[in-house]
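The primary structure of each chain is shown beneath.
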Amino acid sequence: MSSPIDHPTAPAEVEDTTIVRGRPTPGWERYLGWIYLVILILATGFLIWYPSTATAYAVSLALIVLMTISLASSWNFLSGFGGYTSFGHAGFFGIGSYTGALLLHYEKVSWIPAVIIAGLGAGMLALVIGYPVLRLRGPYFAIAMLAFSELCRVLITAWESVTLGGHGVYLPIVRFQREEDGATAWDRFGIQLHNNQNYYAMLVLAIIAVSIAYAIGTSRFGLELLAIRDDEVAAQSMGIQTTRVKITAFGLSAIFPATAGAIYARQVGYIDPPTVFLVIWSIRSIATAILGGQGTILGPIIGAIVLTLVSERVWEINPNLYQVIFGGLIVLVVLFMPGGLIFLLQKRGILPRSRRL
Amino acid sequence: MDVLQVILSGLLLGGVYALFAAGLNMIFGVMRVINLAHGELMMLGAYITFFLFSQAGVNPLLSIPLSAVALLVLGVLLQFTLVERVVNQPLLSSLLLTFGLSTLMMGIALNLWTSNFRSVAWSPLTGSWDVAGLAVSKSRLVAFAIALLVTGATWLFLKKSIFGKAIRATSQHAEVAQICGIDVRRVRLATFGLGSAMAAISGSLIAMIFTISPEMGRMFIGKAFAIIVLGGLGSFAGTFVGALLLGTSETLAAYYTDTQLAEAVAYAVLLLVLLIRPSGLFGRAE
Amino acid sequence: MSQAAIHQERSVVLDVKSVSKRFGGIQAVNNATLAISEGIVTGVIGPNGSGKSTLFNLITGLDHPDSGEIHFNGQNIGQLQPDVINRLGMGRTFQLTRLFGKMTVLENLVVVSRTSRREAGDRAIELLQSLGLAGLWSEYAENLSYGQQKLVEFLRLSMSDPSLILLDEPFAGVNPVMEQKLLEQLHAWIDSGKTVLLTDHEMAIMMELCQEIFVLDHGDVIAHGSPEQVRADESVMEAYFGR
Numbered sequence: 025m026s027s028p029i030d031h032p033t034a035p036a037e038v039e040d041t042t043i044v045r046g047r048p049t050p051g052w053e054r055y056l057g058w059i060y061l062v063i064l065i066l067a068t069g070f071l072i073w074y075p076s077t078a079t080a081y082a083v084s085l086a087l088i089v090l091m092t093i094s095l096a097s098s099w100n101f102l103s104g105f106g107g108y109t110s111f112g113h114a115g116f117f118g119i120g121s122y123t124g125a126l127l128l129h130y131e132k133v134s135w136i137p138a139v140i141i142a143g144l145g146a147g148m149l150a151l152v153i154g155y156p157v158l159r160l161r162g163p164y165f166a167i168a169m170l171a172f173s174e175l176c177r178v179l180i181t182a183w184e185s186v187t188l189g190g191h192g193v194y195l196p197i198v199r200f201q202r203e204e205d206g207a208t209a210w211d212r213f214g215i216q217l218h219n220n221q222n223y224y225a226m227l228v229l230a231i232i233a234v235s236i237a238y239a240i241g242t243s244r245f246g247l248e249l250l251a252i253r254d255d256e257v258a259a260q261s262m263g264i265q266t267t268r269v270k271i272t273a274f275g276l277s278a279i280f281p282a283t284a285g286a287i288y289a290r291q292v293g294y295i296d297p298p299t300v301f302l303v304i305w306s307i308r309s310i311a312t313a314i315l316g317g318q319g320t321i322l323g324p325i326i327g328a329i330v331l332t333l334v335s336e337r338v339w340e341i342n343p344n345l346y347q348v349i350f351g352g353l354i355v356l357v358v359l360f361m362p363g364g365l366i367f368l369l370q371k372r373g374i375l376p377r378s379r380r381l
Numbered sequence: 016m017d018v019l020q021v022i023l024s025g026l027l028l029g030g031v032y033a034l035f036a037a038g039l040n041m042i043f044g045v046m047r048v049i050n051l052a053h054g055e056l057m058m059l060g061a062y063i064t065f066f067l068f069s070q071a072g073v074n075p076l077l078s079i080p081l082s083a084v085a086l087l088v089l090g091v092l093l094q095f096t097l098v099e100r101v102v103n104q105p106l107l108s109s110l111l112l113t114f115g116l117s118t119l120m121m122g123i124a125l126n127l128w129t130s131n132f133r134s135v136a137w138s139p140l141t142g143s144w145d146v147a148g149l150a151v152s153k154s155r156l157v158a159f160a161i162a163l164l165v166t167g168a169t170w171l172f173l174k175k176s177i178f179g180k181a182i183r184a185t186s187q188h189a190e191v192a193q194i195c196g197i198d199v200r201r202v203r204l205a206t207f208g209l210g211s212a213m214a215a216i217s218g219s220l221i222a223m224i225f226t227i228s229p230e231m232g233r234m235f236i237g238k239a240f241a242i243i244v245l246g247g248l249g250s251f252a253g254t255f256v257g258a259l260l261l262g263t264s265e266t267l268a269a270y271y272t273d274t275q276l277a278e279a280v281a282y283a284v285l286l287l288v289l290l291i292r293p294s295g296l297f298g299r300a301e
Numbered sequence: 095m096s097q098a099a100i101h102q103e104r105s106v107v108l109d110v111k112s113v114s115k116r117f118g119g120i121q122a123v124n125n126a127t128l129a130i131s132e133g134i135v136t137g138v139i140g141p142n143g144s145g146k147s148t149l150f151n152l153i154t155g156l157d158h159p160d161s162g163e164i165h166f167n168g169q170n171i172g173q174l175q176p177d178v179i180n181r182l183g184m185g186r187t188f189q190l191t192r193l194f195g196k197m198t199v200l201e202n203l204v205v206v207s208r209t210s211r212r213e214a215g216d217r218a219i220e221l222l223q224s225l226g227l228a229g230l231w232s233e234y235a236e237n238l239s240y241g242q243q244k245l246v247e248f249l250r251l252s253m254s255d256p257s258l259i260l261l262d263e264p265f266a267g268v269n270p271v272m273e274q275k276l277l278e279q280l281h282a283w284i285d286s287g288k289t290v291l292l293t294d295h296e297m298a299i300m301m302e303l304c305q306e307i308f309v310l311d312h313g314d315v316i317a318h319g320s321p322e323q324v325r326a327d328e329s330v331m332e333a334y335f336g337r
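Same order as they appear, the protein sequences are chains A, B and C.
Just add 24 to the spot in the first sequence (first one is 1) and you have our numbering.
Just add 15 to the spot in the second sequence (first one is 1) and you have our numbering.
Just add 94 to the spot in the third sequence (first one is 1) and you have our numbering.
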């Protein structure tokens, strides 16, 4: 075992592994970042190309998968890594939905700025309410966020003059563009982009969400969140600025359900309070995240794919079983697969063991 | 006069809320489990009363012991098979488990009974009595009386009976209770069963006052949390006081503004209390 | 060295003045006054329930005094948060080790450091090697033995290079070999000029290690002085062996 003091500029070597940038990285994990990057590029390429051959139904399904990935990944920021179970995703989804929808309804801005404002606005709101709310310990925080989501729903319903209350908000549908004769490949691609705008928007959102999840998972910020999850009192006693860390994670995580909500509103063309504030959005985020594996990067992706495909199948059979499936799934996962699919796959040796996943 | 009537109406409603919240409080006290499915247990009690009334013409008051027993059994079963497993695990597990159960039960109910609103319109209890010049809703008064009875009986049970003391001991310090020879597992089974029964009774009573639907559980659990947090986790008296306060402020809000905002009262109260004084009015600081 | 001489030569780094804390019906700390001098080992002893842990929590910010003041290097820290106090240069261990169980030993050390991650990683390995624990760097903290956890907690403390170190019953339940290592670490800290405040029930070690001792009973400071003075004090005997 060579001493790290001998080579102050080279990575320390302990046994046959390497410590790179202060993180333990046995063998193959050194390349994890590159592996992810390659997968991301390939997947993105595939997903960009996808609408050109898929049916409209398949594309809308893929949109839901991408949305669920964003929801679950962002839920992980505070709740997976940091251990603060949040039921607030429904609230932020609804707020983002309404912000985006109303901006478009009153024709204040075009859709891309509307969606971005919805997301960032929710992020800022989260930073503001985060300070008082994150002082609460575990169960109190969970209850507070449940109350917050419901309170948002009620207030939006009541503020009829602006939000049109229970009547709901109609959004202009995107006009389908047809190919002209003699269109170049580039033209065709432009049309494809236009006709599937919401899908591509969700794709961008999902990529950002997963990238941030990766950045958190491999940074000191992520370590601080894990420390908070394990023992917040000890973390604080050791000098970790727990309040700042929690609020940052909370603010970041709120951006995604809000943006997704805004895009979703555009996709379905009509929203009303019960629909977008439905606690099902929180359920979906949580179920996906824990199904895939809490506090992991790949977990939400795997969870989203599995969950969406399963629930679509279920929807075809019997729409009302939707909730039953979700509920039953959560119960089963909590009891028998608390580590989620990722952990299961790791135990079976299908995936290499690493908390970095 | 009008205002007094409204306040009285709210107080009566608060009594029923208290019964519901007390069960939730007890479960939390004994097992440190936040039972997010409590609302659905209430909902099931309400539907038992509804179906017994509409299909078999059973007097709603008579259906109360039936729904209580049914949910007692269900509660014990749920505890035995599911909740017991997450009792000593971190909070997230029990939170998610009961959340999953809640979603599951609500989903099953939606499937079986659709989301239409149902009501129990039993003629002896429709309309109101004249009490000292105030019009008092018959159903609310009777519901309040029964809720008071059950809550009082439970309180007596906890205070005087041996098993009641075992429950209290466990909720104060489970490990020590176990060392003293108390079968904490049995205590937990009984507590969840009892809490479920209380939820069921409150559901039956609510069915006599309001229309019901499979989604009602979600609404009431928010109120229960507001009550428990306001009154202070672990305090029986606090729950009662908190419930009366909430019932009254809700009814007043509905009277002066519109019903929508009345719903917000519970959540607003909850958030305010959590932010200003998390231990509530009577709670012990944990 | 006489008590007067100790105080003359050294400045007071931690000044606890008439601090009180009540929990419901119990007065955990009652008008306690302590002065911790720089560069020496000060001990706080007392029977169970005397308020030692509460006092520690008040000093490190996990709780706030109802009355009285606490000054650290001249700064009033009574109402500050634990992370702020830690950043001012105070570190602590806990009676029952509180490592981050689901993180590796290395991560436990790196997460609390304030330098760049590479530097932190290097320093962490250095510290681990100094105690012969380098092989454990990738173990999850919850898998370590009790003694190993105690040592890692010590190292975690060192990562932020505090000037005042509070140890809460560091020798509880520790075997002689481990005890030796802990003592070595302690002496290393003193040699580098740090101040140590500790509490423990191991009387022999306390008497030998500390240059000054405060005795708590039921929240009151009932005696203080050199180990010899405290040993001879009758009120201390009464407190421990009953009245």
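A few of these clues could be false.
[Unchecked claim] Pair by pair, the computed Cβ-Cβ distance ranges are:
#1 A:Gly162 <-> B:Phe132: 47 to 57 Å
#2 B:Ser176 <-> A:Arg337: 48 to 58 Å
#3 B:Leu287 <-> A:Arg268: 23 to 33 Å
#4 C:Pro141 <-> B:His188: 15 to 25 Å
In short, the hints are calculated from the structure, not lab data.
Remember, it's a predicted structure, so these values are computed and weren't measured experimentally.
Cβ coordinates follow ideal geometry from the N, Cα and C atoms, glycine included.
Please list, smallest to largest, the hint numbers that this structure does not respect. Structure breaks hint 1 only.
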